[in-house]
Amino acid sequence: MADDDKMQVSRREVFIKLGVGSAAVACAGAAVFGYSYLSPNVLYEPSPIANAGKPENYPRGSVTQDLQAGIYVVHGPEGFYALSAICTHLGCLTVWNADRGIIACPCHGSKFSELGAKLEGPAPRGLPWLKVWLSDEGELLVDRATVIPQRQYLRT
Amino acid sequence: MTIQDLRDTRVWRSVFRGGSGATNLRRSMAIQQNVFLHLASVKARKRALEFSVTWYLGTLSFGTFLILVVTGILLMLYYHPSVPQAYADMKDLQFVVSAGVFLRNLHRWSAHTMVLLVFAHMFKVFYRGAYRKPREFNWVIGVILLILTLLLSYTGYLLPWDQLAFWAITVGSNIMSAVPVLGQKIRFLMLGGHSVNANALLRFYVLHCVILPLAAFLFIAVHFWRIRKDGGLYTGHKESHE
Chain A
1 MADDDKMQVS
11 RREVFIKLGV
21 GSAAVACAGA
31 AVFGYSYLSP
41 NVLYEPSPIA
51 NAGKPENYPR
61 GSVTQDLQAG
71 IYVVHGPEGF
81 YALSAICTHL
91 GCLTVWNADR
101 GIIACPCHGS
111 KFSELGAKLE
121 GPAPRGLPWL
131 KVWLSDEGEL
141 LVDRATVIPQ
151 RQYLRT
Chain B
1 MTIQDLRDTR
11 VWRSVFRGGS
21 GATNLRRSMA
31 IQQNVFLHLA
41 SVKARKRALE
51 FSVTWYLGTL
61 SFGTFLILVV
71 TGILLMLYYH
81 PSVPQAYADM
91 KDLQFVVSAG
101 VFLRNLHRWS
111 AHTMVLLVFA
121 HMFKVFYRGA
131 YRKPREFNWV
141 IGVILLILTL
151 LLSYTGYLLP
161 WDQLAFWAIT
171 VGSNIMSAVP
181 VLGQKIRFLM
191 LGGHSVNANA
201 LLRFYVLHCV
211 ILPLAAFLFI
221 AVHFWRIRKD
231 GGLYTGHKES
241 HE
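So the protein lines, in turn, are chains A and B. In this text, residue positions in the first sequence follow our numbering: the first is 1, and each later residue adds one. In this text, residue positions in the second sequence follow our numbering: the first is 1, and each later residue adds one.
Check the hints yourself; a few may be wrong.
Here's a subset of chain A near chain B, in silico, CB distances under 10 Å, partners left out [as the list claims (entries may be wrong)]:
no. : residue
1   : Phe-33
2   : Val-42
3   : Pro-46
4   : His-108
Everything labelled a hint here was simulated from the structure, so no lab data went into it. Just so we're clear, the structure is a prediction, and the values are computed from it rather than from any experiment. Beta carbons: idealized from backbone N, C-alpha and C, even for Gly.
Let the sequences and hints guide you as you build the complete structure.
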């Protein structure tokens with residue numbers, strides 16, 4: 001090669017580059033290893049599907065809160081539907097106020113209608129409608145992880 | 001960019017204070033002004049770095065200890081010290097968590113290796129006579145570290161909460177109760193009850209993950225610092241100033 005002199009690399013430089021290079025490879029490997037270890041492969045969290053029991057337990061025109069599941073099961077004039085009871089503001093558990101016929105959040109005062117529509121802030125949106133269906137045993141099941149468009153009623 | 005360029009950057013110099021340079025002052029400051037390195041001496045005898053002097057057994061023991069700290073902290077992320085969850089968590093680490101079985105085995109084998117290395121270190125120091133004046137007290141600290149190593153192994157033994165763990169701690173705590181007069185009391189306090197149960201698991205967990213490692217770190221620091229204070233590593237019976 002013509003520019004042999006310029007291509008001269010000292011032994012020390014080679015070893016430094018080898019050292020830094022293998023340290024970089026080890027760091028990258030440790031990062032991949034660490035990430036896969038830190039992300040759990042199995043979660044022991046409650047199922048998103050909640051069993052709300054027999055439809056007969058819900059009289060027409062009733063709003064029933066399931067505190068454990070964090071949902072409302074409503075038997076409206078047009079059929080059944082389920083609302084998330086989790087406030088869309090910062091995740092507090094809302095409460096059904098039967099006297100005033102509204103759903104209210106105790107944390108920051110958001111208010112919702114029994115259709116889930118936002119009446120008053122600071123919540124940015126209304127309460128989402130959740131997927132409801134009847135199981136083979138004739139019980140109402142609510143999937144808390146699946147939001148459906150509003151006004152999709154379940155008629156039994 | 002070479003490492004030398006990196007060392008001359010403002011950020012590097014603000015982190016490591018002194019800065020680089022090939023003078024003896026710079027070199028000694030690099031040791032003295034570093035909170036970790038200042039435990040060691042600025043100069044070492046060339047002979048002290050040879051394999052035959054120490055077989056590097058102390059450093060290797062410390063190396064296994066560091067592996068145990070890192071893998072132990074990672075294992076803690078999936079482990080609940082409660083009955084019977086502890087056993088299920090241990091099985092999850094083996095069969096469900098990515099690389100869990102690797103970390104668990106690394107922790108286990110490092111623990112065995114550390115006990116072996118600590119004993120070998122002790123024998124090496126003993127048969128070379130490195131425990132003699134002025135290093136008598138560092139030998140005492142070494143004995144404390146040996147006991148801490150064994151206690152760490154013993155407390156870690158219960159945590160998988162399987163049959164082996166349960167009966168090993170049952171037997172061990174009954175041996176403890178053989179101490180005259182205070183035996184039963186010691187066992188009661190150690191287990192937090194009259195049998196190996198949820199309280200014992202929690203106590204052993206706290207001992208294993210907090211109290212004993214902190215004590216070990218403390219005594220390791222003193223142990224290393226005393227090497228410097230006692231005149232460096234023992235290099236032979238003719239400790240000349242070569």
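The hints, checked one at a time:
Evaluation of the Phe-33 (chain A) hint against chain B yields a held restraint, the C-beta minimum of about 6 Å falling below 10 Å. Taking 10 Å as the C-beta cut-off, the interface hint given for Val-42 (chain A) holds, the closest approach to chain B being about 5 Å. The interface hint given for Pro-46 (chain A) is violated, since its Cβ lies 16 Å from the closest Cβ of chain B, which is over the 10 Å cut-off. A cut of 10 Å between beta carbons decides the hint on His-108 (chain A): the least distance to chain B is about 34 Å, and the hint is violated.
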